[in-house]
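Student: Guided by the hints, dock chains B and C onto chain A, whose structure is given.
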Amino acid sequence: MIGLMKSMATTMKHALDGKTFTVKYPEEAPDVSPRFRGVHKFSQERCIWCRQCENVCPNDTIQIVQDDQRNGEQYNLHIGQCIYCRLCEEVCPVDAILLTQNFEFTADTKDDFVYNKEQLKNVPWYKGIDPLESRNPDRSAWIGEGDGEVDYQ
Amino acid sequence: MSLEPLDSPDADVVPDRTPEELEALLGDLVVGRDDHLNAPGFVIRPDTVQETLSTLKSEAGYDHLSVVTAQEYENRYESIYHLKKFDDPTQEVSVVVPADKDHPVSESAEPVFRTADWHEREAYDLIGIEYDGHPDLRRILLPETWQGHPLSLDYDQNQPQIASLPAHVNPIQEHHKDAESDTMYLNIGPHHPATHGVLHLKTVLDGEQVVDVESDIGYLHRCEEQMAQNGTYRHQIMPYPDRWDYISAGLLNEWAYARAAEDLADIEVPEYAQVIRTMGAEMCRIAAHMLALATFALDVNGDFTATFMYAINDRERVQKLLEDLTGQRLMFNYFRLGGVVWDLPEPREEFFSNTRDFLDQLPGSVEEYHDLITSNEIFQMRTIDTGILPPEVAKNYGATGPVARGSGVDYDLRRDDPYGYYDELEWDVITEDGCDNYSRLLVRMQEVEESAKIIGQCIDLLEDWPEEERNIQANVPRTLRPDDDAEIYRAVEAAKGELGIYIRSDGTDKPGRFKIRSPCFSNLQTLPEMANGEYIPDVIAALGSLDIVLGEVDR
Amino acid sequence: MSAAPAQLFPEFIAETLGLPGVAGEVVAALIAAFVVGNIVLAFTGVAGPWAKRKITAAFTDRVAVDRVGPFGLLIIPASAVQLLAKELIVPEGVDRPTWDLAPIVLPASALLGFAVIPMGHLGPVNLQLADPEVGLALVFAFASIASVSLVMAGYASNNKYSMLGGLRAVAQNLAYEIPLIVTAMSVVIFAGTLQMSGIVSAQQEVLFTVGGFDVPAWYALVNPFAFVLFLTANMAEIGRNPFDIPEAPTEIVAGYQTEYSSSYFVLFYLGEFVHIFLGGAILAVTFLGGAAGPGPESIGFVWFVVKIWAFFLFTQWCRSALPRVRIDQLIEIGWKGMLVLSFANLVLTAVLVGVIV
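Protein chains in written order, with the numbering used here: chain A, 1 to 153; chain B, 1001 to 1555; chain C, 2001 to 2357.
Here are the computed lysine to any residue pairs in the SDA-like style, where the Cα-Cα straight-line distance is at most 25 Å: (1) A:K117 - A:I79; (2) A:K6 - C:Q2329; (3) A:K13 - B:N1313.
These aren't lab readings, by the way, just hints derived from the structure by calculation.
One chain only, chain A, in its complex shape:
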C-alpha cells in the first residue's frame, strides 16, 4: 500500500505544482538550437555549380541541370525527401547551400515539396538568424586528403 500511496502522491505533486512542460505552440515556441538543421536556403550568387552537393547527397535529393556551357540552369531540391544530414552544406566550398533553422513548412501534396531554385532562394531565415556562424564549419577537418596520394576524384 505504501508504494501505491507514493505513486499517487508523486503524480498529485506534479498536478499541484502548476508547472507545465509543454508550451502553447505556436504562441510560445521553444528555442531552436543554433546548429539546428531545417529547410535549405540557396544562394545563386555564391554557387559555382560544382555539383559536389548533388554528388554527396546520400539519397539523390538534389538535382542540378546545366547547359552545355556548364552554366547552371536548375537547382531542384525535394525537401520532403531530404534526410537533413547537412552533407551538402558541408561539402559546399562557397556556402551556397545552407540549412536554415526553419522547420515550419507545410504543403498539400508531396509534389509541393519539390523546391526549385527560386523557392530555395526565398526560404526565410528562422527568426532572421543566419546559422553559418554558429555552425562554425571546420573545413580543414573534412577537405583533408589523408596521408596518401592526393585524390582529385
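Tutor: Frame of chain A, contents of chains B and C only:
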C-alpha cells in the same frame, strides 16, 4: 565489475587459444583459412557446420554466435558465423562456410546456437542460401510471396517482386482447423497499441494464457544493408545508422559504423573526439532508456499514465542537449570517420552548465520513477517473476544489452571490448539476477545513472582540455578505398545491446557487403521463451521490457 | 431517522404545474426523469471531452484543450459534433440486434440507477425521483446490468479482442459485485433500512464533536475499513484503473468497444462516464452522507455534485498513477481477498451493532 559473471565455468576451464591451436582443435574440419581483420577465419565444408560450431562452443568456449553473415560472390555463396565469448568478446573467430553457386545448401547451425534460427532465415530470405536441417526455413523480413532474393547478384529489380497471395497459395495444402480445439488464434499487431511499431505477433491463446507466440517482422524493412552498400564510406553511409534504432540512439549506432569503418581503413581517431563521442553516445543512451522506461510504464500501467510523460520530459531535456551538440534531435549525423563533425557548441561554458544542470536533476527524476513504478506494489506484482529469461537461454539466443544483463549475463562491450574513452573512465556494468521484466527495467534505470556518471567525467575532461589540442577529426582522405577483399566485423554496445557491423570491401569507395547485426533482432527472438504459458498482459510486458525498435529489427 | 420523507421531485412538479390524477403523475414523473437525466448527461458532457483531458494534463505537466472558447470549454460541443458526424462503421459478421443494443443498454442502465439516488435539495426542490424501500438493492441491480451490455458488445462484435474484453468484464464483475454488495450490507445493518433516504438521514446524526464542530456519523468515518473496501470494489465495478482490464487498451486494444465507432462509440463513452458518476453517487449516499454538508439543506445538491466529482477526480488520479492489475490477479484479489474481508466486515459490523444498539 560490480558482479562476477553468474555462470561462466568456461572462463576458468577453457584456456584462450591462438588461431593455430584452434585450427589444431578443429583438425580435419578446416579446409582453409580466410582471416578477417578482427578474427581468424576458418573455412569449412558446408556439411560440417554443426560439428565445427559445437566443437568451438563446447571445447573452446565460443558461446556467443554474434551474427550470421551471408553473401554471394561471383563463384560461390558464403555464410560467415561470427563467434565470440560472452566472457571475453575480444576473442573472436569466424567460421566461413562456402556453398555451391548452383545449389547453395549449407548445414544449419540452429541445433547448436538457437539464435541461428532467425539469422539463417534472414540469410535465406535476402541472399538465397538454403540451410539444411533448419527447423523452419521461411522468409523472415520480406513477405512470404516475394520473388527472388534481393541481395543475390542476379536479382532482377525489374521483375515483379511480389506475387499475390491467391497466386502463391498451395491449393493442395491441407487446411489446419480443428473444430474441437480449445485454443484461439489471435493476431496482435501489426496495428496494436503495444507493439512499439509495426510488429505482428501470431498468438495462440488458451483462454487468456498464451500457448504459442510467433513474431512476424519485416514491416519496416528498408534493406538498409543494401542502402549502405550503395553509399560511399566517407560520407554517405553515416546518416543511415541513425535510422536503425531511431529512438534517439543515433550516435550509438553511428559509432558502430564508425568503429567498423575506421578499423577497416585504419583511421586513428583523436582523443578529444573520442571524449566527445563518448559523451554524446551516453546522452543517447539516456534518451533511449528513458523512452524504454516510458513505454514500459505505458504497457503495464495503461495509457494516460503520468510516468510516460515524466520520462518523455526527461528525454526531452537530454535531447535538447543533443540538439545543441549535433544540430538535430533524432537523426544526428554527427560522427564522421576519424572524429566528429563539430566541436562543442559555443559558448562552451553554457553547454557545460546546461549539461551539469541536467545531470544534477537526474537523480531526483530517477528517484521519482522509483516512487512511481518500481516501488509500487501492483507494478511489482505485474513484473516480478513474469517474462522469465534464464541466463543460459539468453546466451543461446544471443541476447545482449539490458536484456542479457537483466538475466545476470555480465556482458557489456564498453568494458569487455573497449572503444572510445570508456576504459579511462570510472563506471560500472549493471547486472540484475532476477531474469524477469522487473530486472530488465532496473538495469535500464541504473544504466541511466551510470551514463550520467560517464557524461559528468567527460564534461570535466572536455572543460580542462587545452585549446590547441582540440582536434575533432583525423586527417582522412576525401575518398576512402580500403584494400580489396578486406573483411571486418566490429561491434559496439548500443542502447539495446551489441550492434555489430560486418563490412567486406571490394576495392571501390563503397562496401561490397555491409551487414548489420541488430541487437533487437536477436533479443526479439527470445520472446516465445518469455511469453509461452503466461497471460496476455505478460506478453505485452515482456515485449515492452525487451525494448525493441522495429526500425532496427527490420532494418 | 424518523424524519418525514421529503417531497420527491415528481410530486413537486405535479404540484407546481398542477397536474392532476394518474396521468398527471406520469407526465410529472417523465418531466422529472428528463431533468435528472439531463443533469447527469451534462456532467458527462463536461467530464468526457473537457474535464478528463484537463485533469490528465495537470497530472502529466501538459497544457491541454485551450484552443476553443474560454478554458477550452467549447471543445465540448465541438467534440460532440465531431464524434456524431463520423461514419458508423458496421463490421462484417456482427450479431446485429445485439450489437446495436449493447451501446444503448450501458448508458440506460447507469442512468436508471439515478432514479433512486437522493441528489439533495436545490432550493425547495428535492432532486430524487423515487424512494422505494429497496432503493439500495435496486441501484445495485441497475448498475450491474452494465456488465450485460459489455458482454453483449464483446460477444456481438465478431472480434477476438472484443470477446476477450467481454469475458474479462464478466469475470471482473462477478468477482467484485459480491464484495461490493456485502460491504454495502454493513451500511444497511447500521442504518437499518435499504431505503436511500433512510441511509442518508441515518448519517445526519452527530458522531462526536471536535472544538464545537459536529462531525456527522458518515459511514466513511464510522467504518473507514468498509469505506476503503467499498471504494476499491467500486473502482472495479466501474472498470477504472487499476481495474480497467475489460478495456485495457495496451493489451486488448479497446476490449468490448473495439469495433464501435461514431454515435455507438459516443453512447459507450457516455455510458462509461454515467457509470462512474453513478458509482460516485452510490458511494456518496452510502458512505459520505449523501447531500449533507455545511450550510442550509437547500444547497445540498451542490455538496452532492462536489462529492461525485471528487470521486471522478479520484478515478482520474488513480489512472495517472496506478498500474493495471492482471486479470488473474484481479480475480484472486476479488475472490480471495475482497470477498473474505467484506464478509469479515459484515460479521464484525453485525456483532458491533448487535452489542451497541
